[in-house]
Amino acid sequence: MPVLVVIRWVHLLAWMMVVGVGLAVGLTRRSSEEGLILAAGTDALVIDFPSGIVRDVENPFVSMYTPSQDRVIRSPDGQHQFRVVYAPAGNSVSNVYSLYHDLPDEQRVPILQNINRNTQWFSSDSRYLYFYAQRQSARQVWRYDIAAQTAARVLGRVQMDCRGDRCALMETRDGPPDNRSNYFLYYMNLRDGDPVAIAEARRTNAGIPYKFSWEADQLAYTLPTGDGGHTVHVYDIASGQSSQLAEVPSVQFIRRLDWKPEGTWLSVTTTTRENRIDVIAVSADPAAPQAINFTGGVPGETFQVYPFWSDDEPLIVFTYQDNLERNLYIGSLEDGSLRRLTNFEDVAHMQAWWSPGSRWVAVAVQVQNFPNYTCELVIYHRATRQPVYRLDFSDNSGLCERAFGVRWQ
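In the numbering used here, the protein residues as written are 28 to 436.
By construction, these hints were calculated from the structure, which means they are not laboratory data. The beta carbon of each residue, even a glycine, is placed where N, CA and C say it ideally should be. There are no misleading hints in this set.
DEER-style ranges, computed between Cβ atoms:
| hint | residue 1 | residue 2 | range |
| --- | --- | --- | --- |
| 1 | 367 | 317 | 16 to 26 Å |
| 2 | 274 | 188 | 23 to 33 Å |
| 3 | 101 | 375 | 40 to 50 Å |
| 4 | 243 | 135 | 33 to 43 Å |
| 5 | 317 | 224 | 20 to 30 Å |
| 6 | 201 | 274 | 25 to 35 Å |
| 7 | 99 | 191 | 17 to 27 Å |
| 8 | 317 | 164 | 39 to 49 Å |
| 9 | 188 | 134 | 25 to 35 Å |
| 10 | 243 | 180 | 22 to 32 Å |
| 11 | 253 | 313 | 20 to 30 Å |
| 12 | 137 | 186 | 18 to 28 Å |
Derived lysine to aspartate or glutamate pairs resembling EDC-like cross-links, with alpha carbons at most 16 Å apart:
| hint | residue 1 | residue 2 |
| --- | --- | --- |
| 13 | 238 | 263 |
| 14 | 238 | 289 |
| 15 | 238 | 188 |
Please put together the full structure from these sequences, using the hints given.
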């Protein structure tokens, strides 16, 4: 029987932590079982769908801590232990953390000060430890050679995203005096630690949006064309080659990229130069370039669209605002059609997720009824587009404020 798990709000710190991991939780690949987890706190309600039987459980995704606690991490082979130690920053309001290598003889080797507490990566062979460090107002990526006990900078002013040993890094470098920067995209395997340049975008404020596929065998990214458009590219990890997929015209900036789980399509969400938001599906096959603009022909604009692809059907669901009302729409790759799923009024925020098998769509919705909000979790049947289950959590201030960390499992 499918299980619906709704996480209750308990503590502001807990919610801040959930927000920090919300993308990872919300985008975790779904298993064959049908259950729903709505993350927003430290304890949870489990609801058997569709019977409505309710029981209390503990939220498995949140662990409470205080800033003064050491964070202990171990290498994948279990042979090496490291410790992130809290150190108050004098008169500064910032917290400072130092990284140490705990040796078997109880010696503690200092590695580096002023690092990010929660962001470290090991190579799968336990040869290297990577981490963020703050240097001269810029976040840098450093690599620690565990055997040699030496640390060295990899790249400066960078953001890094990893899937196992496979990582994408975007480096920022200062450009000319017109306040525009130059951006460089790299791929790096943690086992060898050498960044490979993929692409660059010069004199832009938008950076290089990028996204790993679900299997982390492809890396999608976009580049400005210079005439107001963007080209969509995919970097194949195995071959080390990039291919251009399609061009997206009239782009002010790229809001997000989202892969279909099997890696055959991705959606590109853009803000156009006319200040509209478009959701465009792009085929990931460079031999057959294809782009479908689901929203270009529908009047209206969006606030947050949150595209979410079906696992095994040519369908995508997202929020769209038409005639000042936000509702959920389902787009089909087969004919490019767009069908409205919900019929809400005065929606302040909403987001949806497909169940495995794409039979159901779970919708978290916040409806404004000034000065109050009505907050619901609704499950729709895809074929009939009718609601089959509702959970009202309007009396739960935490969930009502931001109940949008859902995933099926």
